[in-house]
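Undergrad: Each chain, letter by letter, is given below.
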Amino acid sequence: MNILAGLFALICVFPFVFVVIISFTDEKALARDGYRLIPKEWSLAAYQFVWQSGDTLLRAYGVTILVTVLGTIISLILMSLYAYAISRKSFRYRRFFSIFAILTMLFNGGMIPTYMVVSQLLHLKDSIWALVLPLAMNAFYIMILRTFYSTSVPDAVIESAKIDGAGEFYTFMKIVIPLSLPGLATIGLFSTLGYWNDWFNALLYIDNPNLVPLQSMLMRIESSIQFIQQNSANSSMSLAAMQSIPQDTSRMAMVVLATLPIIFAYPFFQRYFVQGLTVGAVKE
Amino acid sequence: MTAFLKNLIRNRVMLFMVLPGAIWFFFFSYLPLVGTVAAFKQYRFSREGFWASLMKSEWVGWDNFKFLFSTNDAWLITRNTLFYNLAIIILGLVFAVGLAILLSELVNKRLAKLYQTGMFLPYFLSWVIVGYFAFSFLSMDRGMLNQIIGWFGVEPIQWYSEAKYWPYILVFVALWKTIGYNSIVYLASILGIDRSLYEAAMIDGANKWQQIRNITIPLLSPIIIIMTLLAVGRIFYADFGLFYQVPRDSGTLYAVTNVIDTYVYRGLKTSGEIGMSTAAGLYQSVVGFVLVIISNYVVRKIDKDSSLF
Numbered sequence: 001m002n003i004l005a006g007l008f009a010l011i012c013v014f015p016f017v018f019v020v021i022i023s024f025t026d027e028k029a030l031a032r033d034g035y036r037l038i039p040k041e042w043s044l045a046a047y048q049f050v051w052q053s054g055d056t057l058l059r060a061y062g063v064t065i066l067v068t069v070l071g072t073i074i075s076l077i078l079m080s081l082y083a084y085a086i087s088r089k090s091f092r093y094r095r096f097f098s099i100f101a102i103l104t105m106l107f108n109g110g111m112i113p114t115y116m117v118v119s120q121l122l123h124l125k126d127s128i129w130a131l132v133l134p135l136a137m138n139a140f141y142i143m144i145l146r147t148f149y150s151t152s153v154p155d156a157v158i159e160s161a162k163i164d165g166a167g168e169f170y171t172f173m174k175i176v177i178p179l180s181l182p183g184l185a186t187i188g189l190f191s192t193l194g195y196w197n198d199w200f201n202a203l204l205y206i207d208n209p210n211l212v213p214l215q216s217m218l219m220r221i222e223s224s225i226q227f228i229q230q231n232s233a234n235s236s237m238s239l240a241a242m243q244s245i246p247q248d249t250s251r252m253a254m255v256v257l258a259t260l261p262i263i264f265a266y267p268f269f270q271r272y273f274v275q276g277l278t279v280g281a282v283k284e
Numbered sequence: 001m002t003a004f005l006k007n008l009i010r011n012r013v014m015l016f017m018v019l020p021g022a023i024w025f026f027f028f029s030y031l032p033l034v035g036t037v038a039a040f041k042q043y044r045f046s047r048e049g050f051w052a053s054l055m056k057s058e059w060v061g062w063d064n065f066k067f068l069f070s071t072n073d074a075w076l077i078t079r080n081t082l083f084y085n086l087a088i089i090i091l092g093l094v095f096a097v098g099l100a101i102l103l104s105e106l107v108n109k110r111l112a113k114l115y116q117t118g119m120f121l122p123y124f125l126s127w128v129i130v131g132y133f134a135f136s137f138l139s140m141d142r143g144m145l146n147q148i149i150g151w152f153g154v155e156p157i158q159w160y161s162e163a164k165y166w167p168y169i170l171v172f173v174a175l176w177k178t179i180g181y182n183s184i185v186y187l188a189s190i191l192g193i194d195r196s197l198y199e200a201a202m203i204d205g206a207n208k209w210q211q212i213r214n215i216t217i218p219l220l221s222p223i224i225i226i227m228t229l230l231a232v233g234r235i236f237y238a239d240f241g242l243f244y245q246v247p248r249d250s251g252t253l254y255a256v257t258n259v260i261d262t263y264v265y266r267g268l269k270t271s272g273e274i275g276m277s278t279a280a281g282l283y284q285s286v287v288g289f290v291l292v293i294i295s296n297y298v299v300r301k302i303d304k305d306s307s308l309f
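Going down the list, the sequences are from chains Z and D.
Residue numbers for the first sequence follow our numbering, beginning at 1 and rising by one.
Residue numbers for the second sequence follow our numbering, beginning at 1 and rising by one.
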C-alpha cells in the first residue's frame with residue numbers, strides 16, 4: 001500500500017522534476033539525445049539566456065505579481081463584505097442578495113457576451129483591470145465565506161458589541177474579521193492561486209506585450225522564442241547569436257521559474273486548502 | 001413607499017457593504033445575459049460600443065441555432081464534452097476514493113502527509129505549465145515517450161497530429177491533475193468515521209478488505225453520491241485549459257479535442273462566427289442549467305445540507 005501511494009505521489013511530482021532537468025541540459029546534447037532524465041551534458045546556458053534577456057521575463061513577473069496582489073486584495077474586500085452582509089440575519093435584504101449571487105452560479109451569459117461587456121462596454125481591453133476584475137468575485141467562495149461567518153462568529157458576540165455601542169463597520173473590522181481569519185485566509189489563498197495561474201483573461205483581453213503576465217508569456221513563446229528576442233533589451237543580437245540561443249531549454253527554464261514560487265509556497269498553505277475544502281462542504 | 005425608504009435607511013450600512021459586489025455581479029454576470037441575444041442576431045461589432053453592436057445587428061431568429069445543429073460540429077462538440085466529462089467523473093471517482101482509502105490505511109502518518117503533498121501538487125499548477133509537462137513526454141523528436149517506445153523498436157509517433165491517442169492522453173492528464181485534490185474530500189470523511197466500528201469489525205475477524213467494503217464504502221457513499229451529482233450537473237462544461245493547452249491548439253486533433261468551450265472560443269477569436277458561437281454558448285448554458293437544477297434537486301433529496309441551494 002505504501003508503495004502504491006508513493007508511486008502515485010511520484011507520478012504527480014515527476015513531470016516537474018523532469019522539466020527542471022531538461023532546463024539544466026545542454027542544448028546540443030538535447031538536440032542529439034532528446035529529453036533525458038540523466039543528460040550527458042549539463043548546462044546553465046538556459047538560465048543565463050533568460051537572465052540576460054531578463055526584462056521581458058521580469059516585466060511578466062511584475063505584471064503577474066501586481067495582478068495577483070491587487071486582485072487578491074480587491075476580491076477579499078468585495079467578497080468578505082458581501083458575504084458578511086448576507087450572513088447577518090438583521091439585514092432585511094439578505095435573501096435577495098444571496099439569490100442575486102447564487103443565480104450567477106446557475107446561469108451565465110458565457111464567454112462571448114462576457115467578452116463583449118468587458119471589451120466594448122467597460123473598455124478594459126489591454127489594461128491591467130482586464131486581468132484583475134473578471135476574477136474578482138466568485139459566488140461559490142462567497143457561500144463558503146458566509147458559512148464561515150455564521151459558524152465562527154456567534155450572533156451573541158455581535159449583539160454584545162452592538163450593546164457596547166459599536167457600529168456595524170466597527171464590529172465588522174474589530175470583531176468579525178479577526179474571528180474569521182482562517183476562512184479569509186483560505187479564500188485569499190484560492191484567489192492568489194487563481195490570479196497567479198490565470199492565462200485565460202490575458203488570452204482574451206491582452207495584446208500589449210508590456211501587459212502580458214507570466215503564464216500568458218509562456219503560452220506565447222510556445223511557438224517562437226522570438227517573442228522574447230523582439231522584446232528584450234538585446235534585440236540587436238547578431239544572427240549567429242540568435243541561432244545559438246538555447247530555445248528548448250530556456251523555455252523549460254521559464255516554466256521552472258514561473259512554477260517555483262508555487263512549489264515553495266504551497267506546502268506551507270496546504271493546511272488551509274484542506275480546511276477550505278472541508279469547510280466548503282458544510283452548510284448552515 | 002416611505003416604509004421602503006425607511007427600510008433602506010435602516011439597512012444602509014449593510015447595503016453599502018453589498019454594493020460593490022452587487023455592482024460587480026451586475027456587470028460581469030447579469031449584463032452578459034443581455035448579450036446572449038447575439039445568439040439570435042447576425043452579430044457585427046460596432047465601434048460605438050456594446051449597446052450599439054447589439055442594437056444594430058440584424059435579427060435572424062433561430063438561424064444561428066439551425067445552422068449550428070445542421071453542421072457536424074454541434075454533434076461533435078457535444079459528444080466530446082459529454083464523453084470526456086463522463087470518463088473523468090467515473091475514473092476520477094474510482095481513483096480518488098481508492099487513493100483516499102489507501103492514504104487512510106497508511107500507518108506512517110508522516111509519510112502519508114508527504115505523499116499527500118506530492119499528490120496535491122498538480123492541482124496548483126496552471127494548464128500552461130501542464131501543457132509543457134505533456135510536451136516533455138510527447139514531443140515527436142525529443143519526448144520521453146518516443147524514446148521509451150524506441151527501446152522496444154517502435155517508430156516514433158507524432159503525438160500532436162495523431163488523433164486516436166488523444167482521448168486517452170486527455171483523460172489521463174485530467175485525472176493526473178485532479179485526483180490528489182479530490183481524494184482529500186474523501187480522506188476527510190474517512191478520518192471522520194468512528195474508529196470503534198473498525199475495532200468491532202476486527203474483533204469479529206473481518207480482514208482489511210472486508211472492513212473497507214462493509215464500513216468505509218457504505219459510510220462514504222453519501223459524499224460520493226453528492227460529489228458525483230454535482231459533477232454531473234457540470235457535465236456540459238469542459239475544462240477549457242485541458243482541451244486548449246495540452247493538445248497545443250493543434251488543428252489536426254480538433255476532431256477529438258474540440259469541446260463546446262473551445263468551439264466557442266475559436267468562434268470568437270479565429271473564425272469570427274460570433275452569432276453561432278454565442279448560440280453554442282447559450283445552448284451550453286441552458287442545458288447546463290437544467291442539469292444543475294436536476295442534480296441539485298436529487299442531492300437535496302439525499303442530503304439537504306450538501307445541496308448548493
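Treat the hints with caution; some may be incorrect.
Simulated crosslink set (EDC-like; lysine to aspartate or glutamate; CA at most 20 Å straight-line) [as the list claims (entries may be wrong)]: (1) Lys-125(Z) x Glu-48(D); (2) Lys-40(Z) x Asp-141(D); (3) Lys-89(Z) x Glu-159(Z); (4) Lys-56(D) x Glu-273(D); (5) Lys-269(D) x Asp-155(Z); (6) Lys-269(D) x Asp-126(Z); (7) Lys-40(Z) x Asp-55(Z).
Keep in mind that the hints were calculated from the coordinates and are not lab data.
Undergrad: For every hint, state whether the structure bears it out.
TA: Status of each hint after checking the structure:
Simply put, Lys-125(Z) and Glu-48(D) have alpha-carbon atoms about 15 Å apart, close enough for the 20 Å limit, and the pair holds. Between the alpha carbons of Lys-40(Z) and Asp-141(D) the distance comes to roughly 17 Å, so the proposed pair stays at or under 20 Å and holds. Restraint check for Lys-89(Z) and Glu-159(Z): the C-alpha separation of about 11 Å stays at or below 20 Å, so the hint holds. For the hint pairing Lys-56(D) with Glu-273(D), the CA-to-CA distance comes to about 17 Å; that is within 20 Å, so the pair holds.
Of the pairs offered as hints, the one joining Lys-269(D) and Asp-155(Z) is violated, with about 51 Å between alpha carbons and a cut-off of 20 Å exceeded. Note on Lys-269(D) and Asp-126(Z): the hinted pairing holds, with a Cα-Cα distance of about 16 Å set against a maximum of 20 Å. For the hint pairing Lys-40(Z) with Asp-55(Z), the CA-to-CA distance comes to about 31 Å; that exceeds 20 Å, so the pair is violated.
In this structure, the hints that do not hold are numbers 5 and 7, in rising order.
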